[in-house]
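> All chains should be modelled from the sequences, with the hints used to inform the complete structure.
These protein sequence lines are chains H and R, in that order.
Position one of the first sequence corresponds to residue 1 (my numbering), numbered consecutively onward.
Position one of the second sequence corresponds to residue 1 (my numbering), numbered consecutively onward.
Honestly, I wouldn't trust all of these hints.
[To be verified] Now the in silico label distances, taken between C-beta atoms and shown as ranges:
id	chain 1	residue 1	chain 2	residue 2	range
1	H	E150	R	F21	50 to 58 Å
2	R	H481	H	A43	21 to 29 Å
3	H	Y18	R	N249	41 to 49 Å
4	R	A132	H	G157	51 to 59 Å
Source of the hints: derived by calculation from the structure; they are not laboratory data.
Even for Gly, the Cβ is constructed at its ideal location relative to N, Cα and C.
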Amino acid sequence: MGLVLLAVIWLITLASTYFFVAKTWWFPHGASASTAALDHQFAVTIIIMGIIFVAAQMTLGYFVWKYGDDKKSGARADYSHGNLTLEIVWTTLTAILFVGLNLLGSPIWAAERFRPAVEGATQVEVTAMQFAWYFRYPGPDGKFGIAKPELEDPSAGGEAALGLDPADPASKDDVVTGVMEVPVGREVEVILRAHDVIHSFFVPAMRFKQDAVPGLAIHMHFTPIETGSYEIACAELCGLGHYKMHGILKVVSQDEFDKWLAAREAEKQ
Amino acid sequence: MVAQDSHQHAAPQGFIRKWVFSLDHKVIGLQYYFLALSAVFVGMFLSLLMRIHLIWPTAILPLIGEIKPETYLTLVTMHGTIMVFFVLTTAPQGGFGNYFLPIQIGAPDMAFPVLNMLSFWTTFVAYIVMLAAFFVVGGAPLHGWTGYAPLSALQSAGPGEGLGADLWITSIAIFCIASLMGALNFITTTLDMRAKGMSMMRMPLTCWSWFITAILGLLAFGVLLSAGILLLMDRNIGTSFFLPLGTINGQLTGHKGGSPLLWQHLFWFFGHPEVYIAILPGMGVASQVLSTFSRKPIFGYKAMVYAMLSIGLLGFMVWGHHMFMSGMSPYTAFAFSIMTMAIGVPSAIKTFNWLGTLHKGRIRFQSPMLFAIGFVSLFVSGGLSGPFLAQPALDIPLHDTAFVPGHFHLIMGVAAIFGIFAATYYWFPKMFGRMMNEKLARIHFFLTLIGTYCVFMPMHYLGLAGQPRRYSQLTELNYLHPLIGLNTFMTYAAIVTVAAQLIFVFNLFWSMLKGPKASDNPWEATTLEWTTATPPPHDNFGGRTPVVHNGPYEYSVPGAPRDFVMQTDPAAVTAH
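So, in C-alpha cells, the structure goes:
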C-alpha cells in the first residue's frame with residue numbers, strides 16, 4: 001500500500017509540474033510595458049513554490065513508503081515529541097522566504113498603482129454596463145463633458161447610453177465608441193466607471209485588470225508596446241450576460257490613431 | 001470539573017425526544033452530519049451540472065431541460081453557498097465537533113444542551129429556506145456565493161434577484177444565528193467541562209481545532225449577520241448602505257450615497273475567517289489520525305497549537321487580499337499582502353510537523369490514514385498557490401480567473417472534505433458500532449484523490465491562460481477556444497469523481513447495517529472516546545467520570561506494555 005501511495009503521489013506531482021514547466025497553458029503573449037516585470041515576478045514565485053511543492057510531495061510519498069508497517073519486525077515507532085531546533089529553523093526560513101517574496105513583488109505593485117498617469121497620457125473613459133463596454137475620448141478640448149444618470153438611454157447607444165449632457169459645452173466634442181483604440185508606446189489613462197453593478201476591465205495581453213464600481217471613477221494606467229488587436233473580458237460577475245461582455249482593444253500607430261479619432265470627430269458634426 | 005454535575009440529564013425514552021428534538025450532543029452531531037451529507041450531494045450535483053453545461057452548452061438534460069446562462073449562475077451561487085455553509089461549516093464542526101468534543105474532553109454533554117438542540121434546528125430551518133430559493137418565481141439568485149452589491153442588492157439586476165435572493169440572504173442570516181449559538185456552546189464546553197487532569201495542553205488537537213474554530217465563528221458570523229440585515233434593508237425598505245446613485249438598463253435605481261465596497265469589506269471580514277472555519281477542524285483530524293496510524297506522538301504538539309492559534313488570529317487581518325482589484329486604496333494592499341504571506345508560516349509549520357510525525361513511524365494504511373495522507377498532499381498543493389494570490393501585483397493577471405477557484409477548491413474544498421472523510425472512516429466504528437468496508441474505502445480514496453486533482457489542478461492552468469471565473473460559456477471570447485479541450489477533460493474527471501462518491505455512500509449505509517461489529521478501540525488509539533463503550537452510552541462514560549493522566553498522543557512509549565498509552569492509563573509518562 002505504501003508503494004502504491006508513493007506512486008500515486010509522485011505521479012500527481014510530476015504530471016502537475018510538467019504542465020507548468022512545459023507552459024502548455026500559459027499567459028497570452030504580453031504586449032504592455034508592465035509585462036516583463038509581472039511575468040518575472042510570477043516566474044520567481046512559481047520556481048520557489050514549485051520547488052517546495054515537489055519537495056514536500058516527494059517527501060510525503062517517500063515517508064509513506066519508507067515507514068509503512070511491514071508487520072514483520074514487530075519494532076516500534078520512534079518515540080519522539082518533536083524537535084524545537086527544527087521548528088525554529090523552518091519557521092524562520094519560511095518567514096524569510098515568504099516575506100522576502102512579498103517585498104520583491106511590492107515595487108511592481110507600487111509602479112502600477114501608486115502613481116497617477118503621466119502628463120500627456122491618452123485618456124479614455126471606460127464605462128461598463130450590463131453587458132457592454134463604452135469608450136469615451138475627451139476630444140480636442142481635452143475635457144470630458146458631464147454625464148447624468150437620469151439621461152442614460154442604453155437602447156439608443158453611443159453618447160445617449162452614457163447620459164452625456166448636450167447642454168455642457170465640454171461634451172460637444174466627446175467621442176464615444178464601442179471599440180477601444182489607443183496609440184502604441186504611449187501611456188493610456190483609463191477612467192473606469194460602472195452604471196449598474198460591478199464589472200471588471202480585464203485585458204490579459206496588457207496584464208491589466210481593474211474593477212469598475214458604480215459610484216466611483218477609478219483612474220488607472222497601462223502602456224501598450226505592441227500594435228495589434230486584443231480581447232477585453234469582464235472579470236467580475238455582473239449578471240446573466242457576464243460571459244459575453246467582451247470588447248476589443250486596438251493598439252495602432254500614433255498616426256493611425258490620430259486619423260481614426262479625427263474621423264470619429266468628423267462623423268459627429 | 002464542578003460544572004459537570006448540573007449537566008447530567010436523564011436518557012429520553014420517546015422517539016421524538018431521543019432522535020428528533022434530542023438534547024444529546026451525539027444525536028445532534030449525527031443530525032448535523034446527515035444534514036451536511038444531504039447538502040453535499042445537492043452541492044455536488046449542482047457542480048456536475050455546471051461542468052456539463054460548460055462543455056455541452058446546448059444539451060437538453062433529462063428532467064432539467066436546457067441550462068440557460070442565468071441558470072448556470074444560479075448553479076454557481078447555490079453550489080458555493082451550500083458547500084461553504086451547509087457542508088464545510090456544518091459537518092466538521094457541527095457534526096464531528098458536537099459528537100466528539102465532549103467525549104474527548106471527558107464531559108457528559110455540551111455545556112448548554114438546549115442551546116445545542118436549538119442551534120441544530122435553526123441550521124435546519126436555514127437549510128430549508130436556502131433550498132426554497134430554487135422553487136420560487138425567478139428561481140435562485142445569480143450573484144455568486146459572495147453576493148457582491150449592487151448585483152445582490154437590486155431586484156432588477158437579473159433573474160433570481162427577486163424573492164430568490166431574499167430567501168438566500170435570509171437563510172444565511174438564520175445560519176449565522178445558529179452558528180453563533182453553536183460557537184458559544186463549543187467555547188464554554190471546552191473551557192468549563194474538561195475532566196480531571198484534562199489540561200488545555202493535554203487536549204487532542206481535534207479539540208483545539210474545534211475550540212479555535214468556535215472562537216473564529218463567534219467573531220465572524222456576527223459581522224456577516226449584520227451585513228445580511230443591511231443587505232435585506234437595501235433590497236426591501238429603500239436604504240442605501242451598499243448602493244450608490246446608479247441605474248439598471250437606464251432606469252434610476254432610486255438609491256444613492258452607499259458603497260458597494262462596504263459589502264465586500266463586511267463580507268470578507270467574515271469570509272476569510274470562514275476559510276479557516278472550514279479547514280481548521282480538518283487540520284485537527286489529520287493530526288489525530290496521522291499520529292494514531294503512524295503509531296507516533298504528534299511531532300511538535302505545542303507548535304501545532306500555536307500554529308492554529310496564529311492562523312486564527314492572522315485570519316482576521318487578511319480579508320483585504322480578496323479586494324486587491326476592487327478599487328480600494330492600493331496602499332492597504334501592502335498590509336493585507338504581508339499579513340497573508342505571514343499565514344503561510346504557521347501553515348508551513350503544520351505541514352513540516354505532519355511530515356515529522358510520519359518520519360520513523362510504523363504506518364498502518366487503514367482508510368482514515370489514507371484520507372489523512374491525502375489531506376496533507378492536498379493541503380500542500382492548495383496552500384502553495386496562496387502566495388501567488390497574496391501578492392497584489394500577481395492578482396492583476398490572476399484575480400477572478402480560474403486560478404482562484406483552483407486554489408480554494410484544493411485547500412478549503414477538497415482538503416477539508418478529505419478531513420471529513422478521514423473523520424468519517426475514523427469515528428464510524430465509535431458512532432455506529434460497526435466497521436466500514438476497507439476495500440471499498442480504498443477504491444473510494446484513490447478515485448477521489450486522483451479525480452479531484454484532475455478537476456482542480458487544471459484550473460490553475462486555465463487561470464494563467466486568462467479564463468475568467470463564473471463564465472457560463474467559453475465560446476464568446478476567442479482566446480478561450482483553445483482551453484475547451486482541457487475543460488472537457490475536467491468535466492470527465494468530475495463525472496468519475498462524483499460517481500466515486502456513490503461508493504462512499506453505499507459503504508456508509510451498508511456498513512451501518514451489515515458491517516462487522518467494532519470493538520471499543522479498533523484503531524488502538526489513545527484518546528478518551530476509545531475508553532468508553534461503542535456506541536457511547538447516553539452520558540458518554542456510563543456513570544464514570546474519566547480521569548486523565550497522559551497527553552493525547554502517547555504512542556510507542558518505550559517500556560510500555562502496548563504501543564499506545566491511553567490518556568486515562570495511570571502509568572505516568574514522564575518523558576517529554
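> None of the hints should be skipped; say for each whether it holds.
To see whether the hints hold, each was checked on the structure:
no., hint, result
1, H:E150 / R:F21: 50 to 58 Å, "holds, 56 Å"
2, R:H481 / H:A43: 21 to 29 Å, "holds, 26 Å"
3, H:Y18 / R:N249: 41 to 49 Å, "holds, 48 Å"
4, R:A132 / H:G157: 51 to 59 Å, "violated, 40 Å"
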